[in-house]
Amino acid sequence: MSIPLPSVLKGLAALSVGIAAGYQFFSTGTTRKALLRPPGALDEPEFLSHCLRCGKCGLACPYRVIKYDDSLSQGTPYLIAREGPCRLCDDFPCIAACPSAALAPVADKRAVKMGIAVIDRDLCIALQGMRCEVCYRVCPLIDEAISIEYSLRKGDSHHAIFEPVINAEKCVGCGICEERCIISDPVAIYMKPRGS
Amino acid sequence: MELSRRVFVKGVAVAMAATAAGSLVACQDQTGSGGGGSGTGTDPGPSGGGAEAAIVKTKGVCRFCGTGCGVICEVKDGKLITVYGDPDNKSNMGLSCVKGLHLGQILYGDDRFVKPMIRDDKNTKGTPGGLREATWEEALDLVSTKLQDTWRNDKSRLAFWGSGQQPITEGYALAKFWKAGLLCNNIDPNARLCMASAVVAFMNVFQTDEPMGSYTDLDLADVFVTWGANMAEAHPVLYSRLTARKVSGPGVKHYDITTLRTSTSKTADKVLMFRPGSDLAVANAISNYLIQNNLYDKDFVEAHVQFKEGAENLGHAYEDGYDASDAGKTVNDVTGIDFARFSERMSTYTLEYASQISGVPAADIEELAKLFGDPDKKIMSLWTMGVNQHTRGTWMNHCIYNIHLLSGKISKPGSGPFSLTGQPTACGTAREVGLFAHRLPADLVVNNPQHRRYAEAIWDLPNEYLDAIEAPGKHTVRIFRDLSKGDIDFLWSCANNWAVTLPRLTRYLGKNPEYKGIIDAFIVVNEPYPTLSTQYADVVFPAAMWVEREGQYGNAERRTAVFEKAVDPPGEAMWDTWIFLQVAKRVLEGTMIGSTPAFDHLFGFVWDSATDDLIADQREVNRRLFNEYRIFSNPDLNDAAQAINKDSEGKFEALLKMENKQLAPYDEYLDNAALTWPVREVDGKWLATTWRFAEGKQSEGFDEVGIEMYGDAGKPGGVSFYKSAGKKPSAVFRPYEPPAEEPDAEYPFWFCTGRLLEHWHSGSMTRRVPNLDNALPEALLYMNADDCAALGISNGDKVKVTSRHGSFDITATTDQRVAPPAGMTFAPFFAEEALINLAVHDYYCPLSKEPDYKKTCIKIEKA
Amino acid sequence: MVISSYVIDTIPEKCEEVSSILVTYPGVELHGQEKNRLIVTIEADSVDETYVIATKMALLDGVLNNNLIYCNFEDETLCD
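Keeping their order, the protein sequence lines are chains U, S and Y. Numbering-wise, the first sequence is residues 575 to 770 according to this note's numbering. Numbering-wise, the second sequence is residues 126 to 988 according to this note's numbering. Numbering-wise, the third sequence is residues 188 to 267 according to this note's numbering.
Simulated from the structure, these hints should not be mistaken for lab results. Here the structure is a predicted model, which means the values were calculated and not measured. Where is the CB? At the ideal position from N, CA and C, for every residue including glycine. Some hints here could point you the wrong way.
[Stated by the list, open to error] Distance ranges between label pairs, derived from CB positions:
#1 U:Ala742 <-> S:Ala487: 39 to 49 Å
#2 S:Thr260 <-> U:Asp696: 49 to 59 Å
#3 U:Ala742 <-> S:Gly254: 45 to 55 Å
#4 S:Lys923 <-> U:Ala678: 46 to 56 Å
[Claimed, not checked] From the derived model, a few chain U residues whose C-beta atoms are all more than 10 Å from chain S:
#5 Ser674
#6 Ala675
#7 Val680
Bound-form chain U, shown alone (with noise of 0.2 Å):
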């Protein structure tokens, strides 16, 4: 038998309230952390509303990067970028199979915002001289989200630091840096989800 329309959204609109109001009662009062979400994504309220916890974002990506299984995001989308980050698809299909517009269409992968890029000047081996900038090299937009800048290495007058820098302009927050970085245990370069 078939169901009428109205009421499957009369139910849909009950649970994105549930929800929302689910949301609001955990965030306050927890230590929880801004998650990566997909490619598109709303800004985080809006997103939680929208997303029906269908699971067909992570079906449609096809390096199956996307992950669901954490209870704290409540079948949310996510990604955990040191794993699988987003590969930037030209034609997006995660946002492509998104029901409910919680993945909203993007111009193009340089309008994409899932977080930001950042480094630990701690850990970052570039910046004690060593020639890495795994990084930079793998960046998607490289020269655009991500430069090299030259300087001098202290107390040493043979050699320059080669230090990756971050445009918070133009980062799309995909992850690719963060996955790649030669270290470990925590890693140098990782994301900031958007929203945090």
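Add chains S and Y to chain U, keeping to what the hints say.
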């Protein structure tokens, strides 16, 4: 609804209900989306704390590129726990690149060979299986029998493919075995694919190999010119030095002459993007500009330069018979000419003509030419594979030397042509020891009688014994072309991965029915890890890696360094010298040199007759081999050799001047520091030379002793090229001739290949390091975005690349780490699963026999 | 397959009894229990069937509230 989706949806349902019910499920703290990575933490500094006494430190040098960064190894409980840059080593001052940072892990991949392996069924070749464990006895006997049989039957059918990564003493022992023991010239190194063009040009121009200058020039130059070299990724710590100079020096400029934008292009002040193959014209235009505008150094030229032109219209080695053809036989012919003739030949290369051929704006070439014409500008030219891996690679080296010779910018602090070496010891071993089909140690060549007499003197061989090897043997491409046709019965290789790195693999790996020679040939590979090459081996000898034995490397600036043994090799793996000599003993059984058994004659000095094995003290073996090898550049240690060096009997009408590459005694490198040759004994101390052929104090790094011995002081430019014929290096006019293939309707793209920072060569070491593999997990085809759009290819699509020679699949990218112009593509060669050399052609420079890996023509289709 | 989840509030003393009855219903699973709250899922072939089972649960003696939290009906056809 499929089961897994159902489970998923139900999970979501439960989770939400649980949350709503107020029972917060305990979960791990999420720090945004970061943290919690896998893989070993890298510790760039010395490990501290704990039982200090249990940590042993040894000195070493990096396993990877020709920069030759010094390292310190820390060992605990027999395991390498960390490796870091040696602050006292003058080449790198404590720094390393990301590959060097992970040196501690390259020994510990979990699939090391720990026993010899034998393949019983040759039809398993080319598959990962088919090898079984064997004892050393069985493997050594088998290999020795096969080698001996081929040797006795027809030694043109045996070959050794060596490497610019074999330590010096190991290369020396091997060269002595092959050349003096087997009397065979079919031994060639992978450096043939890398530095051969540079070497032949050095010999043609200077009659001595290796650069005049050193890394110190990077600290002093006013202008850097990178010719087809991605130094930022291929010589990372050297590039850091170049960049420091750019940042701190006043008005220092960098010109990047290249066919595609690389990491190096990013820091250049100007990028001269040229059409592949036209670099010859660009260089000649600079030389021509200097001549036409009277900006060349007249005094220098008159005092130090002779002029030549040579054989031209060489064609290309499309056919196997090229070397023996009329064109192929005369490629090295040169005639002396005068400056007027040289100028006349060069006059074709106007700025406009060069711009027309190359696509480089005339104004840009002129700008660079003006700098060369400025006597006060110190200019350093730097180049590697873009110039050497070139069907006119030797000529292109010549063209760069012509500019520096005309302008007198050579052998001066901060000023000079610096041919960069790619491998860690192509200089120290392949070139200096002479592991080439036409060479003997210390720049000597087999086809020169005086050279052969000299080697006989040092090796105490009967007079004219080495005349048996007066004809050069087979060079690399010839070896593998012959192998593919079934004309090589025995091939042995060490410290390389030919099944991944040779060009034209479709032919060599027997992918077409016509060329199945690889299956029947008996192939022996010394390797620590399973590679594509070991898949074709009949026997694999498990080899010790890097600091699992003591060895020595000679880097790009002529610096010889010892790396101490830090740990034991795993299982039954042995160091290569031991393997070579075990086989030599068996193969040379019954052969005499004069009245002594050949093996005793050649290697008795490192053999322990009591144990019938190599002397147990590995350091002592190294010391004895090195100290014998160094006699080649210290003829005063051997009267007979000295007599030939000085031509005391007037038989040869030439002085060899072997001291021009003088090496210090082994213990000097052990106890003190890595030193740049020629190293001179002055008042009981051994002093290095920083600038060859340059006047000045030896204690300040100038070639004082050498000039005193053989040169003339007080000449223009303060130099004396005492090793060159008539003390005058040769400026040889070389024209532009087009590449072997050019894009057409069927194969419309150029395909360039090379290295990227994270991986070394074929990845057999670096891909086994988790962090490096993670940093660059996939070999991609770097394409121009417009080209992709026109072909309907999106970033990340799998594509099929096809050339006239073969095809392979690869993922395409428009990510701009390497930014090719329209019509150009690039891919690195570290990934076996994207075997790019299946499509790369093997046409080589007719003079150097080095193949051109940069200019194959391809078509690209979505896979 | 239509999958839905519920939080059911019961009279505290009746919680055990209610949960033991619930699990006998076809397609019903009990996932958690805390004080007088039960977390339950229903798997049924259609939304109509789900309603029938959920209503039955709500009318059980001792049940104070039956709150629908989540419903996935992607397998259902929508029309009219």
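To see whether the hints hold, each was checked on the structure:
One distance hint, 39 to 49 Å for the beta-carbon pair U:Ala742 and S:Ala487, holds here, with the actual separation near 42 Å. For S:Thr260 and U:Asp696, the Cβ-Cβ distance of about 52 Å falls inside the hinted range of 49 to 59 Å, so the restraint holds. Taken as a hint, the range 45 to 55 Å holds for the pair U:Ala742 and S:Gly254, whose Cβ atoms sit roughly 52 Å apart. Here the CB-CB span from S:Lys923 to U:Ala678 is close to 29 Å, at odds with the stated 46 to 56 Å.
Distance check for U:Ser674 against chain S: the nearest CB is about 14 Å away, which clears 10 Å, and the non-interface claim stands. Distance to chain S confirms U:Ala675 as a non-interface residue, since its nearest Cβ pair spans about 19 Å, more than 10 Å. The Cβ of U:Val680 sits about 15 Å from the closest Cβ of chain S, beyond the 10 Å cut-off, so the non-interface label holds.
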